[in-house]
Amino acid sequence: MAAQPKPLPAHQPSYLEGGGILGWLTTIDHKRVAVMYLVSALFFLALGGFEAMAIRVQLWRPDNHALSAAVYNAFFTMHGTTMIFLVVMPLLLGFFGNFLIPLQIGARDVAFPRLNALSFWLALVAGILLHLGWIRGGLPDAGWFGYANLTERYFTPGLAIDWWAIGLLVSGTSTVLTGLNFLTTIVAMRAPGMTYMRMPMFMWSLMVTSILILIAFPALTIGLIFLLFDRFFGTHFYVASAGATPILWQHLFWLFGHPEVYIMALPAFGIISEVIPTFSRKPLFGYPMMAYSICLIAFLSYGVWGHHMFATGMGPVADSAFAITSMLIAIPTGVKIFSWIATIWGGSLRMTTAFYFALGMILEFTLGGLSGIMHASAPIDLQQTDSYFVVAHFHYVLFGGVMFTIMAAFYYWWPKISGRMLGERLGKWHFWLTVIGFNLTFFPMHFLGMWGMPRRTYTYGADMGWTNLNQLETIGAFILAVAFLLFYVNIFKSLSSREERAPADPWDGRSLEWSTASPPPAYNFATIPQIRGRDAWWILKYGRAGSRGVAAYMSGQAPSQPQPDQPVSVEDIHMPAPSIFPLVLSLGVGVIGLGLIIDWYRIILIGAAVTVLSIVGMGFEYADFGEQSHDPEHAPSSGGVDVRKIGLWSFIGSECVFFASLISTFIVYKSRSLAGPGPKILNIPLTSFSTFVLLMSSLLMVLALAATQRGDKRWERIWLAGVVTFGLIFLGGQVYEFTSFYNEGMGLTTNLFSQSFFVLVGFHGAHVAIGVLWLSVLWVAAMTGKLGKSRALSVELAGLYWHFVDVVWIIIFTLVYLMQAVPGA
Amino acid sequence: MDIFGEHPSIPIGIAILIAIYLGACRAAGRKPTRRQAMWFAIAMGAILFTQTELDELADARLFSMHMLQHLMQTFVIPPLLLLGTPGWMLAPWMLSPPIKPIARLLTNPVVAFLIFSAVFVTAHFPPVFDRMCRDENFHIFLHLLFMAAGMLLWWPILSPVPELPRLSYPAQILYLFLLMIPMTAVAAPITLATKVIYPWYTEGAHGWGLTAIDDQVLGGLIMWIGQGTYLMIVFTFIFYKWSQREDRDVSVPPEATAPELRVLRSRRVAGS
Amino acid sequence: MIGRGSNRYSTAAIAIQVAIALAIAGCSAAGHPMTTLAPKSNLAQWIQTLFIEVTVWDAIILAIVVFAFILAVFVFSSRVGEAAPASTASSDLGLEIAWTLGPTLVLVMISVPTIRTIFRSQPVVAPAGALEIKVVAHQWWWEFDYPDGAKTSNEPHIPVDRPIRLSLESADIIHSFWVPQLGGKRDVVPGQINELTFMATVPGMYPGQCAEFCGLSHANMRFRVFVDSPDDFAKWDRAQLAGPAAIPAGDLLASNGAKVFANSPCTTCHMIQGISKGYIGPDLTHFASRTTLAAGVLKNTPENVAKWIGNPQETKPGANMPALLLPGPKMNALVAYLEGLK
Amino acid sequence: MSDIADAHDGQTHHPGAATYLIIAAFLVILTAMEVTVFYVHALHPVLVPLLIVLAAAKFALVVMFYMHLKYDQWLLTGVFIFPLIIATLLLVSLILLFAYLSNHMAPIG
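Residue numbers (numbering that gives the first Met the number 0), protein chains in the order written: chain A, 0 to 824; chain B, 0 to 271; chain C, 0 to 341; chain D, 0 to 108.
The hints are simulated quantities; they were obtained by calculation from the structure and are not laboratory data. A few of these clues could be false.
Mimicking DSSO-like on lysine-lysine, the simulated pairs with C-alpha atoms at most 30 Å apart in a straight line are [unchecked claim]:
{"no.": "1", "chain 1": "A", "residue 1": "Lys788", "chain 2": "D", "residue 2": "Lys69"}
{"no.": "2", "chain 1": "C", "residue 1": "Lys298", "chain 2": "C", "residue 2": "Lys276"}
{"no.": "3", "chain 1": "C", "residue 1": "Lys234", "chain 2": "C", "residue 2": "Lys341"}
{"no.": "4", "chain 1": "D", "residue 1": "Lys69", "chain 2": "A", "residue 2": "Lys712"}
{"no.": "5", "chain 1": "C", "residue 1": "Lys329", "chain 2": "C", "residue 2": "Lys133"}
{"no.": "6", "chain 1": "B", "residue 1": "Lys194", "chain 2": "C", "residue 2": "Lys133"}
{"no.": "7", "chain 1": "C", "residue 1": "Lys329", "chain 2": "C", "residue 2": "Lys341"}
{"no.": "8", "chain 1": "D", "residue 1": "Lys69", "chain 2": "B", "residue 2": "Lys99"}
{"no.": "9", "chain 1": "C", "residue 1": "Lys258", "chain 2": "C", "residue 2": "Lys150"}
{"no.": "10", "chain 1": "C", "residue 1": "Lys276", "chain 2": "C", "residue 2": "Lys150"}
{"no.": "11", "chain 1": "C", "residue 1": "Lys258", "chain 2": "C", "residue 2": "Lys329"}
{"no.": "12", "chain 1": "C", "residue 1": "Lys276", "chain 2": "C", "residue 2": "Lys133"}
{"no.": "13", "chain 1": "D", "residue 1": "Lys69", "chain 2": "B", "residue 2": "Lys194"}
{"no.": "14", "chain 1": "C", "residue 1": "Lys341", "chain 2": "C", "residue 2": "Lys150"}
{"no.": "15", "chain 1": "B", "residue 1": "Lys240", "chain 2": "B", "residue 2": "Lys30"}
Just chain A, with the same shape it has in the complex (with noise of 0.2 Å):
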């Protein structure tokens, strides 16, 4: 492309260089989003630990009152949403998965940087929104799990719920983008010749935790919308005394529930999978086996969520059913577990921090899925559930298996990251205060479980013989607290030190990012490597994997000597501008949940221009941020397909979800309808007639994309305004179907099924309403001509979108009108 290549300066800035604190704001560098995903998360987990700590206080003698009950909930409450939510999540996916996507697929940014940078703002702009208690309205304090109907505000009044739900829905949005970036970047952006098989296990960790993210928290963003809807405008989704059931938050919940405990520790086995063979100087044993079992968790993990809900009721055959499915769970976790340990058999180990904490991790994981084994069994699960045997089962399968992982992943990549090396030896000292701390906090839990404590409690009884080993269990506590504060003193120590420059590949390591500079260049690589097998960075180093590498490195051969360094040309690698958009844009949603909760209208609408205007601002950045994707070193290994055409068809795979959870809503509730018109007012000429004007938009749609693709533009002008006109007289029925409704005395509130409708034919509405908007500015650009063959591709993603909305239309008038005469199920 440029005339004249400049070689790359001897110095290469790392991406940590330059750039000043508006660098940073408006950075969409994926390492420098990681960075400070790593700062709010260290942050947050201060605060957790700090929550966890004052329990452990409170519980240290019967009938205490150094917490009030009050204080003790919120604490509670807190310490587990914000260390699912603001901690660990943020950790193995913010921090380690941004940072290394890229690197270990050997690419120079996640596949949508912008998109990357606004999942942050808007993860920080949650964290916030979820601590604002502190200042007005009061902690959280129903539960992380927020259990209806305790949640509603006849219950629960105030605002803390309304933080917590606002709060949580913008961190999901924040995350289901996350997990669209991922999915995108490691489908479509490895570097030639990687296949799905030569991946790092880590790699394929990620891949599959993204699609569970883009499938389960479209369940919790509906169980919350339903929770605010309820709190604010006053219908009854989970009211029993309006024919509602409680429970149905509980499935909505657990739905995104389960699989989120695999979203978390799916990343954990992949961080194992990397650290283990690089230590052991083996390749990691059985890979195949070890990507299916993460596919196969995965899938399993959907059809779990009932073992969360033994106690609620659901019937023995429906307890059967998620009984064995559950325990199906522990043969590809089993799989995992024997696999480490075989890679490990035969190695040549080298005992690092790292090391460590994977082995411990190995030991104490598996302690975790034994106890999880016995709640599989649902007539156990009833005497364990809400009890501390429950607590100990979680925080040894979420501290022992992904904290104790997320420690090892902090001393195996900090040289990477920082350019700097944690100290080994003030290491050991944490992983031992690690170890002690954590099975003197945790084990004993199991039996006071077994002795009957129940969780949540923030006080016991001194004739229950619980208060020795809560003792205990506090003394372990403060144990790692003091464990906590040695890693926090270490990275400190870390980077105050002046010397120590960590090498590029300290480890001797086995994927790509250890071939480059430590800490990388903004670029990551200044060429894209060609990749031969597995382990791609020892197979560079050493040759093919096997024998040969290994028999090298035991005769004491050092890797091949460096080359003369090979013309690179600056010019050649196109990153993608900054851009302070995503700040703005999390910052308007901010103030417009600050607006919703403190019911201050002006509030919400400045927030809502804020968000209006720099998704503007952020489309009219487009030309810049387009080229990135179609950098023709990277070649996608996926034959072709656009990064954006994968990004929309995951989000389209992520609202079936949405719309599946509203629609199955909708079928439960409808014929419960008490007072008041039911599903017999549906007016079914008009809506047929709807229906067919939506399916000639889609038409017309069709046919705007190949006018565009064949640079017709006069019909293109035609069809997208045919479009465009078809999808306002679908909204107009709608309208005139809502008011006609409203008139006949059916209002939001009337009943379940008044509800339940509104709200599922209400969001595909918005949904139409969206798609309009969106094709109207094409039409608009089409109409200034700016719309030519080569842009046909912004026609064929909103059409894509549009067709979607159309196919869930077709869905919806099948069941929710032509099936009004069947009762539910």
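On the provided structure of chain A, position chains B, C and D as indicated by the hints.
For chains B, C and D alone, coordinates are given in the frame of chain A:
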């Protein structure tokens, strides 16, 4: 086991199948591989077992065994037959001009999937199913139909004829995944029903001392969890083959000449 | 140095866990009235049996994993710099099939008794001769309604060796009924009737507690189940069916207390048969026959009753009962009256 | 921007207007059939399966032809089908779970 007892059609049918198999070998002048012959033999054994032993239990008003029988007929026997039949045996007539377009259409994954789903769902519709229980000829017809539809279903996975190709491995997984929808649509309502759906099972004595409703739940579970587990095992095999193929596809260009390798190495040293 | 460190790790972890296990085995169930390990009903017994079965399988798996782990880390591996050649094995089909099939078989062994227990413990219809009791959970106390009209709160009595069928309903939000020695929990869900069926086998007092987080005073929603011999139960039942105990002639304090009660706001929420008709709070007709008050939080002594009436929020934050500010003599009279309601 | 066009031309062979019109005709006919089925009382016993089949057919037509899944890479199909399967299973299982639950509802009021 009295093979020639009630249903002489079964041994006769098996004998005819074997005769055709051997005849085709002779006509082509080729022998199936040892492995193919083994699969074919197992398939014959499976048919015999399904149509005699299981059938007797199913006739004793054991719904669960009837479901097991259907699973065998759709999920076990057809793949075995496809594995046991060499491509050269089928290719001549399947690719002959009048049949080829039909074969192409029927073995198209979408068409095959739809046909199988339609047959399977319709057959478990209460009126149809109940008639099957009462009308022996209709019963035989439906069981043959199951096996035929099963052959179509498994064709895109195990096709022995390259001209009517298999799906790619990931697409195979997706294809079988999709199968869970019609299977669940049939199995779940049966399992979770609180009443006996098919009247035939309430009339007359019930085998094994099960109550009709327990038997129905068991049958539903066999179909639901049984097929799920079975498909899971099949996924494992497909995934394993996929991973092996991707492993084999490695072509190692001479390393010394790869320019990006040199660059990478220099990068690494520059950074350290 | 490094090698020793790892040695220390496994010994430390195992030693701690073994030590705790031994220490805990030392304490018997006696000191733990809410233990799940001392079943006193058929339901709890079934669960206990299943639990032991699964625990044994778990222990076997754990032993295998730990054994393999120790061999891999300490025996069949070398350290960096040592001369032993590193293995490069990266797959072994036989091994992989083995560790897939092994756990599968174990799971089959677990799932069969699991499913049998699920169906056995959730009979569709009540067993013959069962005593059917309606349980209503409130924020934060329990109401028990017997088929013969007897009514009590927080301290139900049931006969031994007779099937009990509880039908659980909620007055407000989701709670969970749990008496560990009598069996697993069952959620109490508004708008839904859940059942719990069991048969107590040993007479005694078994404490229970709400096990689903239900707001501010979730921790203070306790109760006690008394399993009586059939005779004792019949006696208790008869006493509950009778009206309030008459005030002994000449007990001025108590009869003053009765007047205080009748004129107090207590009557709007609490029922004393023949005297007040409130139904929002617990029925007080036989208040003194109960051993505890405030849903099992306080012992039923005159001081505690006074303390409770004077400031319920101190004992049970968020309780719906307002504080009743009475001058000392009136309070004493009220307490004396209530403590006479045997 | 030119590389977008290149990539685009290289990857898709979308059908022409004729195909789109035929599909549209099918869609209209299927919709008409749905509405007809709804108004024919004799068909009401089989209304649910019939409507589901018809809706599924429409769904498949739009997705395969208008959204080009039939012509695009299988990757896109995978990205869409897997969530779709999960969504369907979710719908079915929720309906069944609540059908059981509705037998255990307390009388409202």
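Does the structure break any of the earlier hints, and which numbers would those be? 5, 13
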